[in-house]
Amino acid sequence: MAGGIKKFVVGSFDDEKVLFPAVKNVRKAGYKIHDVYTPFPVHGLDHAMGIRETSLHTAGFIYAITGTTTALTFMSWVFTKDWPLNIGGKPNFALPAWIPITFELTVLFSAVGMVLTFCYLCNLAPFVKKHHFHPRATDDLFVMAIECTDKTNDAEVQAFLQSAGAQEINVQVAETGWWIGRYHKEQKLYKEEKGY
Amino acid sequence: MDHQFQLPGSYKKWTYGLIGAGVLALLYGFIMFNPFAHAGHGENVNSTRFWAVLLQNSVFFLLVVNAAMFFICVTTMAMAGWVVAFRRVSEAISSVVPILGVITFVILMSIVFGHRTDIYHWLDKEAVAGDHILNGKKGFLNPMFYSIFSFLTIFLWWFLGKKMRSLSLESDKKGHMDYETGKKWIWNNTVWASLYCVVFTLTVASTIPWLWIMSIDAHWYSTMFSWYTFASTFVSGMSLIALFVIYLKNRGQLEYVTEEHLHDLGKFMFAFSVFWTYLWFSQYMLIWYSNQPEETKYFIERIGTAEKAGPYKGIFFFNLIINFLAPLLILMKKGSKRNWTLVTVMAVLIIFGHWIDFFQMVMPGTLHEHFELMPFEFGVACLFVGLIMWGTGRYLTKNPMLPKHHPFLKESMIHHT
Chain A
1 MAGGIKKFVV
11 GSFDDEKVLF
21 PAVKNVRKAG
31 YKIHDVYTPF
41 PVHGLDHAMG
51 IRETSLHTAG
61 FIYAITGTTT
71 ALTFMSWVFT
81 KDWPLNIGGK
91 PNFALPAWIP
101 ITFELTVLFS
111 AVGMVLTFCY
121 LCNLAPFVKK
131 HHFHPRATDD
141 LFVMAIECTD
151 KTNDAEVQAF
161 LQSAGAQEIN
171 VQVAETGWWI
181 GRYHKEQKLY
191 KEEKGY
Chain B
1 MDHQFQLPGS
11 YKKWTYGLIG
21 AGVLALLYGF
31 IMFNPFAHAG
41 HGENVNSTRF
51 WAVLLQNSVF
61 FLLVVNAAMF
71 FICVTTMAMA
81 GWVVAFRRVS
91 EAISSVVPIL
101 GVITFVILMS
111 IVFGHRTDIY
121 HWLDKEAVAG
131 DHILNGKKGF
141 LNPMFYSIFS
151 FLTIFLWWFL
161 GKKMRSLSLE
171 SDKKGHMDYE
181 TGKKWIWNNT
191 VWASLYCVVF
201 TLTVASTIPW
211 LWIMSIDAHW
221 YSTMFSWYTF
231 ASTFVSGMSL
241 IALFVIYLKN
251 RGQLEYVTEE
261 HLHDLGKFMF
271 AFSVFWTYLW
281 FSQYMLIWYS
291 NQPEETKYFI
301 ERIGTAEKAG
311 PYKGIFFFNL
321 IINFLAPLLI
331 LMKKGSKRNW
341 TLVTVMAVLI
351 IFGHWIDFFQ
361 MVMPGTLHEH
371 FELMPFEFGV
381 ACLFVGLIMW
391 GTGRYLTKNP
401 MLPKHHPFLK
411 ESMIHHT
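So the protein lines, in turn, are chains A and B.
Heads up, the first sequence stops at 196 in our numbering, and the numbers go up one at a time, no gaps.
Heads up, the second sequence stops at 417 in our numbering, and the numbers go up one at a time, no gaps.
Treat the hints as calculated values from the structure; they're not laboratory data.
The model shown is predicted, which means the values in this text are computed figures rather than measured ones.
Hints are all accurate, no fakes.
Pairs of lysine-lysine, DSSO-like flavour, derived with a Cα cap of 27 Å:
#, chain 1, residue 1, chain 2, residue 2
1, B, K398, B, K163
2, B, K334, A, K188
3, A, K24, B, K410
4, B, K334, A, K24
5, B, K313, A, K90
6, B, K249, B, K173
7, B, K404, B, K184
8, A, K90, B, K308
9, B, K12, B, K398
10, A, K188, A, K151
11, B, K297, A, K90
12, B, K162, B, K184
13, B, K410, A, K17
14, A, K24, A, K188
15, B, K333, A, K188
16, A, K191, B, K333
17, A, K6, A, K28
18, B, K410, B, K267
19, B, K334, A, K191
Here are some chain B residues the structure puts well away from chain A; computed CB gaps all over 12 Å:
#, residue
20, H3
21, L24
22, L27
23, V74
24, I133
25, L134
26, E180
27, L243
28, K398
29, F408
Pair ranges (Cβ atoms, derived):
#, chain 1, residue 1, chain 2, residue 2, range
30, B, T344, A, E53, 15 to 25 Å
31, B, V191, A, E53, 41 to 51 Å
32, B, L329, A, D139, 39 to 49 Å
33, B, T223, A, S76, 30 to 40 Å
34, A, T66, B, F113, 55 to 65 Å
35, A, T66, B, S110, 49 to 59 Å
36, B, L329, A, D140, 40 to 50 Å
37, B, E369, A, G44, 51 to 61 Å
38, A, K90, B, A271, 25 to 35 Å
39, A, N86, B, F151, 47 to 57 Å
40, B, H38, A, S76, 46 to 56 Å
All residues carry an ideal CB built from backbone N, CA and C; glycine is no exception.
I would like the entire structure built from these sequences, with the hints used as guidance.
Below, the structure is given as structure tokens:
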């Protein structure tokens, strides 16, 4: 596995109100948050974690214009070069009639492309088992996984999480990914910001 | 917090400047264009131009300010909380409806009872009698129905909008609402909002654009026309709200409006630009595809045929570029919808674009190839813009900028997209 095996200190929180300051303090202390697993989307958490904005929408735009170009080039080739037909006396290059199909292909390309990209970014694929840090992350716990390096003193991290209000804390060893050049979540350095 | 907003001098200067320019343009038209000349058969082009321009501007701007009330009512019915922070701005814009309503009504009545057959062909009784299609539409297109229905429509817009505004203003006097009072007040709002929406659907989204604008091309009809007009005015209305919100924010007002609210306004501008294009294209494509002579006539008058380009070809496609391509490509990114400057530019562009859209709805059927896009046309537009600024400013200086006892205010303050 390309990602390799890493050690994580995992802390579980049962309240958003505790989680947000904890995320802030962990980042402030200079630890690297691998990820926070929540049972539902938490507004503003991505911002609190300092994750850079996703590029998924840029990818979506590129897929979309690929779809547009594919549809237009294919249809114009078929109807003007390969097999021109007289349909109701319309010109062979019948742009208005092609717009619905162009639109459909634009949507199709961007939808399928974005789903596949999303799976890739999240390391999801059929038959690939992902490590679960805590089964209750899909139910009622917010689970924060902190990545350790060789130099990290995990006892210290555990104590730190304890003081930050975590309910359960343990150390786990897990595969981090399955794909070459896997998606590394960058974490911006902590700085005080207004409004969060 | 409680101090009343005062209009800055520059705002007043612009307001009176625009109204002054508009009045000058109107006077110029009144003297030079001989507006009461006999409609005839195209010999008094200038007189036709005078009424066509007034019709285009009054109907467009009336529908735009009316869209602000529609926005309030729709968000009320949807129990949306995020709009509360700038709700008074849309209320202020909608308070111009009675002013523009009266002006529009006077213009429409002058056209109908001034027997302007050059604007509305169906006013010509002899022509109608010998015309199979127009004879069939006689029940709908006659001066009596036209004037009564227009009057009722404008009256109901004013009345229900007034009710919505006074409900909102009442909440300021009520003081803090507890759960039960708040619930009752919201319910009250919802009832009036739904009544407004029913009236809106039966007028703006169906009959009124048919009656006021589509009947210029009396033989032609398109069931999609009203939706297309509605989309045009709604997206302009959203742009107008965004413009006022940005202006007031720059003046240190609207303390709870953040980038998040701007983002959602930008989304409305983006989404309804696409919606407008969808309807524009659906109307165009179906007519192009089925190729019925009585339907294609509408587009041949505008863009012409493959052999001979029509007089409106440039405007027609320019319209598509600024109302579709520009909003689509520029407002697509999250960053641009959160950029105050860019949203301002786009809002102005969208309002101008839809004004042009209305221009090419009205002019081809009335002026044919004799249309002009000169200071007179822009001057009349200035008059209406000035009136909107005046009415909106008046409402904002008379009433508190924030409905501070609105039960959803907190939701608006912490709004996060």
